[in-house]
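A.B. asks: Residue numbers (full-length UniProt numbering): 1 to 313.
None of these hints come from the bench; they were simulated from the model. A couple of the hints might just be wrong.
As a list, the in silico DSS-like pairs of lysine-lysine whose alpha-carbon atoms are at most 27 angstroms apart [what the hints assert, rightly or not]: (1) K17 <-> K100; (2) K219 <-> K208; (3) K186 <-> K215; (4) K100 <-> K169; (5) K215 <-> K154; (6) K115 <-> K169; (7) K204 <-> K173; (8) K248 <-> K219; (9) K29 <-> K248; (10) K26 <-> K125; (11) K208 <-> K186; (12) K173 <-> K186; (13) K125 <-> K219; (14) K237 <-> K186; (15) K17 <-> K115; (16) K173 <-> K219; (17) K115 <-> K219; (18) K157 <-> K219; (19) K100 <-> K173; (20) K100 <-> K248; (21) K125 <-> K186; (22) K169 <-> K154; (23) K26 <-> K127; (24) K186 <-> K154; (25) K173 <-> K125; (26) K127 <-> K115; (27) K29 <-> K169; (28) K100 <-> K125.
Cβ-Cβ distance ranges computed for the label pairs, FRET-style [stated by the list, open to error]: (29) A83 <-> D236: 49 to 57 angstroms; (30) R22 <-> R143: 30 to 38 angstroms; (31) E295 <-> F80: 19 to 27 angstroms; (32) E178 <-> W300: 34 to 42 angstroms.
Think of the CB as a built atom: it goes at the ideal place given N, C-alpha and C, for glycine as much as any other residue.
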Amino acid sequence: MDVITFGETMVLLNPSKAGPLRYVSKFEKTIGGAESNVAIALARLGHRVSWASRLGEDEFGLYIRNFIRGEGVDTSLVTFDPASPTGVFFKERQDGRDPKVNYFRAGSAASRMGKAHLQESEIAKAKILHISGITPALSSSCRELVYHAIDAAKRNKVTIVFDPNIRLKLWTKEEAREVLIDIAGKCDIVLPGIEEGLILTGEKTPEKIAEGLIKNGSKAVVVKLGDTGAYYNDGDKQEYVDGYRVEKVVDTVGAGDGFAAGFISGLLRGWPYRNAVSLGNRVGASAVTVAGDVEGYPYWAEIAPDRSEEILR
1 MDVITFGETM
11 VLLNPSKAGP
21 LRYVSKFEKT
31 IGGAESNVAI
41 ALARLGHRVS
51 WASRLGEDEF
61 GLYIRNFIRG
71 EGVDTSLVTF
81 DPASPTGVFF
91 KERQDGRDPK
101 VNYFRAGSAA
111 SRMGKAHLQE
121 SEIAKAKILH
131 ISGITPALSS
141 SCRELVYHAI
151 DAAKRNKVTI
161 VFDPNIRLKL
171 WTKEEAREVL
181 IDIAGKCDIV
191 LPGIEEGLIL
201 TGEKTPEKIA
211 EGLIKNGSKA
221 VVVKLGDTGA
231 YYNDGDKQEY
241 VDGYRVEKVV
251 DTVGAGDGFA
261 AGFISGLLRG
271 WPYRNAVSLG
281 NRVGASAVTV
291 AGDVEGYPYW
301 AEIAPDRSEE
311 ILR
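Make a model of the complete structure from these sequences and hints.
C.D. replies: Right, dumping it as structure tokens:
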């Protein structure tokens, strides 16, 4: 296995038009979840990926499992909970702005995950463990699972990539910082956005954010800067890497997860950080061109012929 990841995925209901949801009568059903987004994007880039989770023993749970499995992701570590539901969330589209997100996930099956749901032997099979900061916010048992996974990865020399993915609808800035800065210090590579970096370190510039997180214990940091690209500090070299121009932005949700997948793909290919970050920018840019979290992620065959020279420049 190249990558193993775990976390909550929910059914996503996308409105047929922009505006307040009280005026929307039609929705399109798909899925959304940071960790499964990364898993699907990596599978499309040609990697072997395993996604672990807990879903409700309901039609939405089956739909999510089948969807992700259909994208070529290993779902053998997914379990079903007969007593708790699969989470659901709605987007509220706002033309020219990021969509609002409305969650209905309290008491979901995924929030009841714990250490027993992911064995060390499964983590040991992977080259990279991908962790999101959403999972420890779901419940105390999910937080224990995150620390269990980190410890298992360290014992087995599995590289840990951590995306803070701070969701302030799940906890306060103070709670998030206390837990996530501790987790970040135990991980090899951290991928914050600029606002997440500010919450974690109190710093406002990519250089200072990266410096603060490396001092905290991480070996390398990549700060995502949206359409302008990203900045990385791998402990030896620091550099800005330009983003990719997108003619029309449709939906920004999923771009950060696409970046994470592209960057991890570059690492798995043995590329230097600059090229891995460039691939992350490329995959993240593809994500914003369509509605939905995963629909815009490219396949490797779509990237290699026309973008390989640009990525590897």
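A.B. asks: For the pair we were handed, K186 and K154, check the Cα-Cα distance against 27 angstroms.
C.D. replies: Roughly 9 angstroms between the alpha carbons, so the hint for K186 and K154 holds.
A.B. asks: Given the hinted pair K26 and K127, is their Cα-Cα distance within 27 angstroms?
C.D. replies: violated, 42 angstroms
A.B. asks: For a C-alpha distance cap of 27 angstroms, please report whether K173 and K219 respect it.
C.D. replies: Answer holds: K173 to K219 is near 24 angstroms, not above 27 angstroms.
A.B. asks: When you check the alpha-carbon spacing of K186 and K215, does it fall within 27 angstroms?
C.D. replies: holds, 12 angstroms
A.B. asks: Does the alpha-carbon distance linking K208 and K186 stay inside the 27 angstroms limit?
C.D. replies: holds, 19 angstroms
A.B. asks: K215 and K154 were given as a pair; does the straight-line alpha-carbon distance stay at or below 27 angstroms?
C.D. replies: holds, 19 angstroms
A.B. asks: Mind checking the alpha carbons of K157 and K219 for me, to see if they're no more than 27 angstroms apart?
C.D. replies: Holds, because 14 angstroms separates the two Cα atoms, which is no more than 27 angstroms.
A.B. asks: Does K237 pair with K186 here, judged by a C-alpha cut-off of 27 angstroms?
C.D. replies: Holds, at about 21 angstroms.
A.B. asks: 49 to 57 angstroms was suggested as the range; check whether the CB atoms of A83 and D236 agree with it.
C.D. replies: For D236 against A83, whose Cβ atoms are near 50 angstroms apart, the range 49 to 57 angstroms holds.
A.B. asks: Does K125 sit within 27 angstroms of K173, going by the straight-line distance between their CA atoms?
C.D. replies: violated, 35 angstroms
A.B. asks: Next pair to validate is K173 with K186; report whether the Cα-Cα distance is within 27 angstroms.
C.D. replies: Judged against 27 angstroms, a Cα distance of about 20 angstroms means the pair holds.
A.B. asks: Does K173 sit within 27 angstroms of K100, going by the straight-line distance between their CA atoms?
C.D. replies: holds, 19 angstroms
In the structure shown, a violation is registered for the earlier hints numbered 8, 10, 15, 22, 23, 25, 28, in ascending order.
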